[in-house]
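Asks: Chains A and B, in that order, are what the protein sequence lines are.
In this text, residue positions in the first sequence follow the working numbering: the first is 212, and each later residue adds one.
In this text, residue positions in the second sequence follow the working numbering: the first is 28, and each later residue adds one.
Treat the hints with care, as some may be off.
Stated by the list, open to error - Calculated lysine-lysine pairs in the DSBU-like style (CA-CA distance at most 35 Å, straight line):
1. B:K239 x A:K365
2. A:K291 x B:K239
3. A:K367 x A:K291
4. A:K391 x A:K291
5. A:K391 x A:K276
6. A:K276 x B:K239
7. A:K291 x A:K365
As the list claims (entries may be wrong) - Chain A regions said to be covered by chain B (calculated; three or more residues, Cβ under 8 Å):
8. 294–300
9. 315–322
Think of the hints as simulated: they come from the structure by calculation, not from any bench.
Even for Gly, the Cβ is constructed at its ideal location relative to N, Cα and C.
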Amino acid sequence: MSAVELENLTLTRGRRTILSNVTAGIGEGEFIGVFGPNGAGKTTLLHAILGLLAPASGTIRVFGKPPGNGSALAGYLPQKRSAIGDLRLRGWDLVASAYEGHRWGPPVLGARGREEVAWALETVEARALAERPLSQLSGGELQRILLAQALLGKPKLLLLDEPLISLDPRYQQAVVELIKRVQSALGITVLLTAHELNPLLGFMDRVLYLGHGRAALGTTEEVITSEVLSRLYDAPIEVLRLNGRLIVVAAHGEVEAEAHRHDA
Amino acid sequence: MLEYDFMRTAFEAGTVVAIVAGAVGYFLVLRNLAFAGHALSHVGFAGATGAVLLGVAPFWGLIAFTVAGGIGMGLLGDQLRGRDIAVGIMLSLSLGLGVLFLHLYTTYATQASSLLFGNVLGVSPENLWDMLVLGAITLASLTAIARPLIFATLDPELAEAKGVSLRLIAVLFLIIVAVAVAEAVQVVGILLVFALMVGPAAAALRCTTRLKTGVALSAIFAVAETWAGIALAYVTDWPPSFWITLLSSVVYGLTFLPSLLPLAARA
Chain A
212 MSAVELENLT
222 LTRGRRTILS
232 NVTAGIGEGE
242 FIGVFGPNGA
252 GKTTLLHAIL
262 GLLAPASGTI
272 RVFGKPPGNG
282 SALAGYLPQK
292 RSAIGDLRLR
302 GWDLVASAYE
312 GHRWGPPVLG
322 ARGREEVAWA
332 LETVEARALA
342 ERPLSQLSGG
352 ELQRILLAQA
362 LLGKPKLLLL
372 DEPLISLDPR
382 YQQAVVELIK
392 RVQSALGITV
402 LLTAHELNPL
412 LGFMDRVLYL
422 GHGRAALGTT
432 EEVITSEVLS
442 RLYDAPIEVL
452 RLNGRLIVVA
462 AHGEVEAEAH
472 RHDA
Chain B
28 MLEYDFMRTA
38 FEAGTVVAIV
48 AGAVGYFLVL
58 RNLAFAGHAL
68 SHVGFAGATG
78 AVLLGVAPFW
88 GLIAFTVAGG
98 IGMGLLGDQL
108 RGRDIAVGIM
118 LSLSLGLGVL
128 FLHLYTTYAT
138 QASSLLFGNV
148 LGVSPENLWD
158 MLVLGAITLA
168 SLTAIARPLI
178 FATLDPELAE
188 AKGVSLRLIA
198 VLFLIIVAVA
208 VAEAVQVVGI
218 LLVFALMVGP
228 AAAALRCTTR
238 LKTGVALSAI
248 FAVAETWAGI
258 ALAYVTDWPP
268 SFWITLLSSV
278 VYGLTFLPSL
288 LPLAARA
């Protein structure tokens, strides 16, 4: 069975069409890197898979079922996190807050909840880290705590929105390796959006590239090519290979570098 | 001093109010809403003085206005961010209306001072019952929404993705804050609500990184400061509100000592 099946999927935000008529299938246990220029619909696609956004047309199937709101099958790591890095609370309390956090009542975890939080923290090797205040953690350490939070409920699918953004290259590598380890250990499917291809080369099974409402899914060799990217960007794009790294260049400058500037 | 009825009532009322203000205040500070608590108490001034004018007990006017203000703030939500000027103008308008109402009802001059600066020694036994019932309702409501409140406070993006309505939580929480503020006004008055709602909570947040310990510690600080404040007032004959605000500042200040000590040692 596919983990995620998109069929003639069209997604709109307001009157803007984000994705139009996309068909793609992601197998169980795959590690997929999701790329594309800003506004290409990476986050929108994750929201649709979570069931937060209904398709304008077409269908989404998550493990054969329509996505449900807050589906327990999917763990989610949102991109924008307002003030977590300023909190003087320990990481444990942050992770615990997400355990059944949508239900009314007192914040009592119970034995099962405590076990689950401990398991999630151990899976990302952050048991000791979780005792320290969030405000004292580095970007990479914080990302580990947030990854543990996404693992609550033992999801079969992880949707990670820009987990590498604003991390030093050194930490980026460590976080990618950790995600890969967690994915292999638990045998789950990962969809990870990112701006840069290179930190993920060698870790991804396939690439999903979005642009101009269209999508291309395939191996890095199949998708990161001048023809495919030129079609997605609707502009001439060149792909250079340099010491095992990929550099995507547009006629008017480096595409990836520009994506970062938008983000600042 | 406990042989006097009014002292016993003061300690009882102070305890109820301090527990409520400490617990609710912890979440107020955690949500970066300290100023909202301050603003709500000011909104209450027009309500309290207006109630006097209409012949209703000021407490009910106070609570009606703070709750209405809380609902309004919760509904506006993020739109309030960066609107200090609009909020400030509402505050001064509310205080201004209060002054007018007091002027129109001149016999209640002492009422103004109790409302503004609190008068815990003047709490009547009937008041105490109202405060006890409202305090219990407030704590029960806080417990009932605690789980999604904590989730929405610590991690709004994920909470929203998991189906928590951030706006509903914000409105419910600010109603709870509004009632807690109205209670705190009975002890420290409209102008000094910060001392009970924010001081102990901010100190607790600096003392522990554990959430539940923090809530408990915040309530303990508030109760200790209130008790000591009332006792010191009895001994010195200075107003309890003064002592409570002083103790609240001292406890908050003391939480900075551990981080200052290494500096002193190095010097």
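Asks: All the hints need checking, so say for each whether the structure fits it.
Replies: Hints, one by one, checked against the model:
For the given pair, B:K239 sits about 25 Å from A:K365 by alpha-carbon distance, which is consistent with the 35 Å threshold. The straight-line distance between the Cα atoms of A:K291 and B:K239 is roughly 26 Å, inside the 35 Å bound, and the hint therefore holds. Restraint check: the Cα-Cα separation between A:K367 and A:K291 comes to about 23 Å, which is no more than 35 Å; the hinted pair holds. As the CA atoms of A:K391 and A:K291 are separated by approximately 22 Å, the hinted pair is consistent with the 35 Å bound.
Only pairs whose Cα atoms come within 35 Å are accepted, and A:K391 paired with A:K276 is accepted, the gap being roughly 26 Å. Our distance criterion of 35 Å between C-alpha atoms is broken by A:K276 and B:K239, whose separation comes to about 38 Å. The hinted pair formed by A:K291 and A:K365 meets the criterion: a straight-line CA distance of about 23 Å does not exceed 35 Å. Only residues whose beta carbon comes within less than 8 Å of a beta carbon in chain B count, and the stretch 294–300 of chain A has 5; three or more means the coverage holds.
Chain B is given as covering the stretch 315–322 of chain A, and this holds because 4 residues of the stretch bring a CB closer than 8 Å to a CB of that chain, at least three being needed.
Hint 6 from the earlier list is the only one contradicted by this structure; the remaining hints agree with it.
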